[in-house]
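Starting from the known structure of chain A, fit chain B onto it as the hints suggest.
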Amino acid sequence: MSAIDWTIIAVYLAWVIWDGIRLSKNTDEIEGYFLASRSLPWWAVGLSVMATQLSAITMIGTTGQGYAVGMSLLQQYYALPLAMVILAVTFVPFFHNARIFTAYEYLEKRFDAKTRSFTALLFLFSRGMATGAVISAPAVVLSVMIGLDVTTTCLLLALPTAFYTMFGGVQAVAWTDVKQMYLIVGGLVAACIALMMGLPDNVGIGEALRIAGTTGRLQVFDFSTDPSARYTFWTGTIGALFLFLSYFGTDQSQVQRYLTAKSIDEARTSLFMSAYWKIPLQALVMIIGVFMFLFYIFTPPPMLFNRAHDQRVRESARAGEYAALEQRFGEAVVARKQAAEQLAEAQRSSDPAATAVRSAAFKAEEQRVLGVRAEAVSLVKDVSGDSSYNDINYVFPTFIVTHLPVGLIGLLMAAIFAAAMSTVSGELSALSTSTVIDFYRRWVRDDGDQAHLLWVSKVATLFWAVFASIVAIWASELGSLIEVVNRFGSFFYGSILGVFLLAIGWKRANSTGAFVGLLTGMGVVGWVTVSTSIAFLWHNLIGAVVVFVVGMIVSEATGPRKPQSAVRTTPAGR
Amino acid sequence: MTAMSRTYIKVVVVWVATLAALYGFQAYFTR
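Quick note, the sequences are listed as chains A and B, same order.
Just so we're aligned, residue 1 is where the first sequence starts under my numbering, counting upward by one.
Just so we're aligned, residue 1001 is where the second sequence starts under my numbering, counting upward by one.
One thing to keep in mind: the hints can contain errors.
[To be verified] Which residues of chain A face chain B? A few of them, derived with a C-beta cut under 10 Å, are: (1) Met84; (2) Ile193; (3) Asp265.
Hints are computed from structural coordinates only; laboratory data are not their basis.
The beta-carbon is built from N, C-alpha and C at its ideal position, and this holds for glycine as well.
Chain A extracted, bound-state conformation (with noise of 0.2 Å):
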């Protein structure tokens, strides 16, 4: 990267810094602090949702998706507005009439102290470790592409977010959030416009979408009803609308951000914003994958994305085998190029039977393209002793430090900082939030001295941000780890929605109904998930159904639930 490239970066994490501190008021109360006294417009709101949920592993592990296999993976948020929807007709009026701090607070006035300090600690636990992962996948990445090592890179994105977020509190994190998000949107479509105009003069944009679309790279709707497809109609719009349900409606990181809002009104309109925009954005992320597909068809790609594993394998004793696939997987990507422009000239003579035979011809090549690099890519994982080698995370960010002009580079991997900064920023502060008010002041200390607690407000962030950093620095060996830690995230996300939705649509649940409820509902979907092959997006909602179910057999075999006083049982916000 030029000096110029670094400088862009290097003014961008200045100013992040700067401006998260400038614009943050009354951060000397625990209210300002954690909610911005619960005074921000729905557009900065809904802006740091958005940037709260884009992170820079949607931007390089989305793209590469769309690269590899297309846009299928779109369909997992096509129930992202329905859910909005009703949790704007739900949840959100019960949260800010309840006047607190996090969602699991909500659990406690409803249930009991166990069922919040339980679902809290779940949260803080997964929420921790995936903070981790936040930091660790684009810093891993970055290392390769800008040349510094992975712990550098990790601090380079964590310590700058954490100072932020410790001093400016959650207004320091959606101020920033916003800027931010102008940033990556910016950075996605000039990459979109990049590779449009890198296409060669003789292949127009949608005689190129057609070649993408004979490889089923945009099928966008894929109606099967097998139960283990990740990603149809019906795991986006069915088991997807109970993962958005959980993720908005009852984890800290998203919660927080609405409860931000002047008004219920306010934070309704904010989540609208995802509900217009959260797909088209998403396209737009994997359509920049799918027209690196076509730029790399007309421009040689490199055999393997990831430069660290390809010179391992040049200096290792296979060299000579490895050399021999490159003259292969040359030869083979001159022949899919030569494919790809007959297919384009069939398709402007508008033969359909030459189009045909075109296409059946693109698509062996394409074939013999895709073989030679699983040759590779098994050569490497021999030689590295890495089994999990997936270089997909590598395709846009070699795209943009190899193909983009100077400025445009540097603005790129802004943008990709921005991403990963804005979400490890949201969820320092619900990490934060989290234990300072369902732990330190619900178990420990809680006399009002306001003072106090923030001190213990800005330890707790820096604590959560040492944390991730290094869960993150160590990730490269806890790789295994991690994917554990995650998956056992998924296990209670539906059994955590199981609760919330006992505890505000069955008015005789009880605090032993919901605690029984939840663990039946974890045990059930780790068996699931253990046992079955049936694809993840349905563990969220087994795990709802079950929770809700046993929770209210359970309540009613054991009598009525506890008096109620301080929170009202109907949206009266609506």
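Frame of chain A, contents of chain B only:
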């Protein structure tokens, strides 16, 4: 009907229109 109720309907209408546009996109470029 309140303003918020109309917003809910608008969200659902835009959602259906978005899915329809995506379906059209898939049908046009994969035929």
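So, going through the hints one by one against the coordinates:
no. : hint   : verdict
1   : Met84  : holds, 7 Å
2   : Ile193 : violated, 19 Å
3   : Asp265 : holds, 6 Å
The structure fails hint 2 only (numbered hints given earlier).
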